[in-house]
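Chemist: Guided by the hints, dock chain P onto chain U, whose structure is given.
Going line by line, the protein sequences match chains U and P.
What the first sequence shows, in the numbering used here, is residues 1 to 148, in sequence order.
What the second sequence shows, in the numbering used here, is residues 1 to 148, in sequence order.
Possibly wrong hints are sitting among the right ones.
Intra- or inter-copy, both count: the list cannot distinguish identical chains.
Using 30 Å as the maximum straight-line C-alpha spacing, the simulated BS3-like pairs for lysine-lysine come out as follows [stated by the list, open to error]:
hint, residue 1, residue 2
1, K27, K11
2, K6, K143
3, K143, K11
4, K74, K27
5, K27, K6
6, K143, K27
7, K84, K6
8, K27, K84
9, K74, K143
10, K143, K84
11, K74, K84
Source of the hints: derived by calculation from the structure; they are not laboratory data.
All figures in this text were calculated on a predicted structure; none of them were measured in a lab.
Single-letter residue listing:
Protein chains: 2
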Amino acid sequence: MLNFAKPPQDKALLDEATDFTPRFDDKGLVTAVVTDARDNAVLMLAHMNAEALSLTIETGFAHYYSRSRNAIWKKGETSGNLQKVEQMLTDCDQDAILLKVSMSGHDAACHTGRRSCFYRAVSASDGTAVLETIADHRAFDPKTVYGK
Amino acid sequence: MLNFAKPPQDKALLDEATDFTPRFDDKGLVTAVVTDARDNAVLMLAHMNAEALSLTIETGFAHYYSRSRNAIWKKGETSGNLQKVEQMLTDCDQDAILLKVSMSGHDAACHTGRRSCFYRAVSASDGTAVLETIADHRAFDPKTVYGK
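So that you can see chain U by itself, here it is in the shape it has in the complex (with noise of 0.2 Å):
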């Protein structure tokens, strides 16, 4: 596993740094966003800590950590939608991920079969927030790949 040093006490020195030095949240988690690298478009949301990142980094396939499951989760081990890392970013103060990946499988990210977890846009009615799907597509049927 890779070791990853503790983060500067001055927090203006990550802006700038060669060193990656993750900055995990009192939980232990950064935020990782996941992009298509086709196109760029935004597939999910996840977190990782220190292992899943270790994991993703030594070998080039994207692994999460499950809040709700309390496991590390290799992101297409029962779906077959594996994610190969393209390109890894971190942001100017290094607690949030970018991962620029290539999918197999379905081509698809999230588990409900569509390609985006993001497939709802959110407007104001009334004083309200409503919901409209704009992207619907299935590339695959969830109750076939992860059962019942």
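Modeler: The following block gives chain P in isolation, referenced to the frame of chain U:
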């Protein structure tokens, strides 16, 4: 302020819902990914509480919640780099927001003066993780814009 209804207990209902019931975390926040509406480039990652989310929907300009300052923050208020929301989306389980924005001012989202906060690539070298700057153009000088 918009009224956000509580999410359903059964998480499976969130996927296909037409009501927006954001799942705020234990600190009352959702994560927002911000992309450039022109080319989908990921610009930054931020957090929103209910008030920031409501202000963003109602005004059409991105508002975030600063965890370090414990305050609502209208993006660009100091720098002039406002973010006009072209589209807001949410993800399958409604705990993340995607904003597609048009920037004004210097056309830059990062406090370092760069267009995107994700300007460094991560890779492994001899068992540690290192960063390489891959996008170094500064649209503004932070010292001039934010003072010292």
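Chemist: Quick one: K74 to K27, C-alpha cut-off 30 Å, is that within a copy, between copies, both, or neither?
Modeler: both (20 Å within a copy, 28 Å between copies)
Chemist: With identical chains treated as interchangeable, where does the CA-CA distance between K84 and K6 reach 30 Å or less: within a copy, between copies, both, or neither?
Modeler: Answer is within: at 27 Å inside a copy they meet the 30 Å cutoff, but 36 Å across does not.
Chemist: Within, between, both or neither: how does the pair K143, K11 come out at a Cα-Cα threshold of 30 Å?
Modeler: between (46 Å within a copy, 16 Å between copies)
Chemist: Quick one: K27 to K11, C-alpha cut-off 30 Å, is that within a copy, between copies, both, or neither?
Modeler: The answer is both: 19 Å in one copy and 22 Å across copies each meet 30 Å.
Chemist: When no copy is named, should K74 and K143 be tagged within, between, both, or neither for a Cα gap of at most 30 Å?
Modeler: within (20 Å within a copy, 43 Å between copies)
Chemist: Which holds for K143 with K84 at a C-alpha limit of 30 Å: within a copy, between copies, both or neither?
Modeler: Within one copy only: 25 Å inside, 39 Å across.
Chemist: Could you place K27 and K84 in one of the four classes (within, between, both, neither) given a Cα distance threshold of 30 Å?
Modeler: within (26 Å within a copy, 33 Å between copies)
Chemist: Given a CA cutoff of 30 Å, do K74 and K84 count as a within-copy pair, a between-copy pair, both, or neither?
Modeler: Cα proximity of K74 and K84: one copy only (11 Å, versus 36 Å across).
Chemist: How do K6 and K143 come out at 30 Å by Cα distance, when the copy is not named: within, between, both, or neither?
Modeler: between (43 Å within a copy, 27 Å between copies)
Chemist: Classify it for me, K143 with K27: is the Cα-Cα distance of at most 30 Å met within a copy, between copies, both or neither?
Modeler: For K143 and K27, the Cα distance exceeds 30 Å both inside one copy (32 Å) and across copies (34 Å).
Chemist: With identical chains, the pair K27 and K6 could be close in the same copy or across copies; at 30 Å between alpha carbons, which is it: within, between, both, or neither?
Modeler: both (15 Å within a copy, 24 Å between copies)
Of the hints listed earlier, the one the structure fails to meet is number 6.
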